[in-house]
Amino acid sequence: IRLRPGYFPFVEPGFELDIHCLICGGKGCSVCKYSGWVELLPCGLVHPNVLRYGNIDPDKWSGFAFGLGLNRLVMMRYGINDIRHFLSGDVRFLYQF
Numbered sequence: 383i384r385l386r387p388g389y390f391p392f393v394e395p396g397f398e399l400d401i402h403c404l405i406c407g408g409k410g411c412s413v414c415k416y417s418g419w420v421e422l423l424p425c426g427l428v429h430p431n432v433l434r435y436g437n438i439d440p441d442k443w444s445g446f447a448f449g450l451g452l453n454r455l456v457m458m459r460y461g462i463n464d465i466r467h468f469l470s471g472d473v474r475f476l477y478q479f
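Residue numbers for the sequence shown follow the working numbering, beginning at 383 and rising by one.
Just so you know, these hints were derived from the structure itself, not from any lab.
The beta-carbon is built from N, C-alpha and C at its ideal position, and this holds for glycine as well.
A portion of the hints provided could be inaccurate.
[As the list claims (entries may be wrong)] Taking lysine to any residue and the SDA-like style, the derived pairs with C-alpha atoms no more than 25 Å apart in a straight line are:
no., residue 1, residue 2
1, K415, L399
2, K415, P430
3, K415, H429
4, K442, H429
5, K409, L385
6, K415, Y389
7, K409, I383
8, K415, L385
9, K415, N453
10, K415, F446
11, K442, V432
12, K409, G451
13, K409, K442
14, K409, N453
15, K415, G451
16, K409, L455
17, K415, R384
18, K409, D464
19, K442, C425
20, K442, N431
21, K442, E394
22, K442, F390
23, K415, V432
[Stated by the list, open to error] With beta-carbon atoms standing in for the labels, derived distance ranges:
no., residue 1, residue 2, range
24, H467, N437, 35 to 41 Å
25, R466, G418, 20 to 26 Å
26, I383, D439, 32 to 38 Å
27, L476, G410, 24 to 30 Å
Let the hints inform the model, and build the full structure from the sequences given.
So this is what it looks like as structure tokens:
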């Protein structure tokens, strides 16, 4: 597991939690874009401007934002090599599960 800085416009500061690719064991494949790592959890503290737009006082309140990449875990569990399959709507893909 590694934690590294990342840029996301809604948070400041932003981070990315990565795990070793379970498909290739960290050696590099199309799933991990030949890096050996897969981003699992983009996260960070909610940017004060986002709170202001929601009529929330950023001097009084703060928040933590994160987006767990469950589809990436499913990819590695079932050996799916392209994340676009999840959004394709192709029933042949869905019927495999």
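Outcome of the hint check:
1. K415 to L399: Judged against 25 Å, a Cα distance of about 16 Å means the pair holds.
2. K415 to P430: Since the Cα atoms of K415 and P430 sit roughly 33 Å apart, the hinted pair is violated (cutoff 25 Å).
3. K415 to H429: Judged against 25 Å, a Cα distance of about 29 Å means the pair is violated.
4. K442 to H429: holds, 13 Å
5. K409 to L385: holds, 19 Å
6. K415 to Y389: Holds, at about 19 Å.
7. K409 to I383: holds, 15 Å
8. K415 to L385: holds, 18 Å
9. K415 to N453: Between K415 and N453 the Cα gap is close to 16 Å, so the pair holds against 25 Å.
10. K415 to F446: violated, 28 Å
11. K442 to V432: Given that 25 Å is the threshold and the Cα spacing comes to 14 Å, the pair holds.
12. K409 to G451: holds, 21 Å
13. K409 to K442: It is violated: about 46 Å lies between the C-alpha atoms, which goes past 25 Å.
14. K409 to N453: Distance ~21 Å between K409 and N453 Cα, so the pair holds.
15. K415 to G451: holds, 16 Å
16. K409 to L455: holds, 17 Å
17. K415 to R384: holds, 16 Å
18. K409 to D464: The given pair, whose Cα atoms are some 17 Å apart, holds under the 25 Å limit.
19. K442 to C425: holds, 21 Å
20. K442 to N431: Given pair K442, N431 holds - Cα atoms ~13 Å apart, limit 25 Å.
21. K442 to E394: holds, 16 Å
22. K442 to F390: With Cα atoms ~23 Å apart, K442 and F390 stay inside 25 Å; holds.
23. K415 to V432: violated, 32 Å
24. H467 to N437: 35 to 41 Å: Since the Cβ atoms of H467 and N437 sit about 40 Å apart, the hinted range of 35 to 41 Å holds.
25. R466 to G418: 20 to 26 Å: This hint holds: roughly 21 Å between Cβ atoms.
26. I383 to D439: 32 to 38 Å: Taking Cβ atoms as reference, I383 and D439 lie about 35 Å apart, which means the hint holds.
27. L476 to G410: 24 to 30 Å: holds, 29 Å
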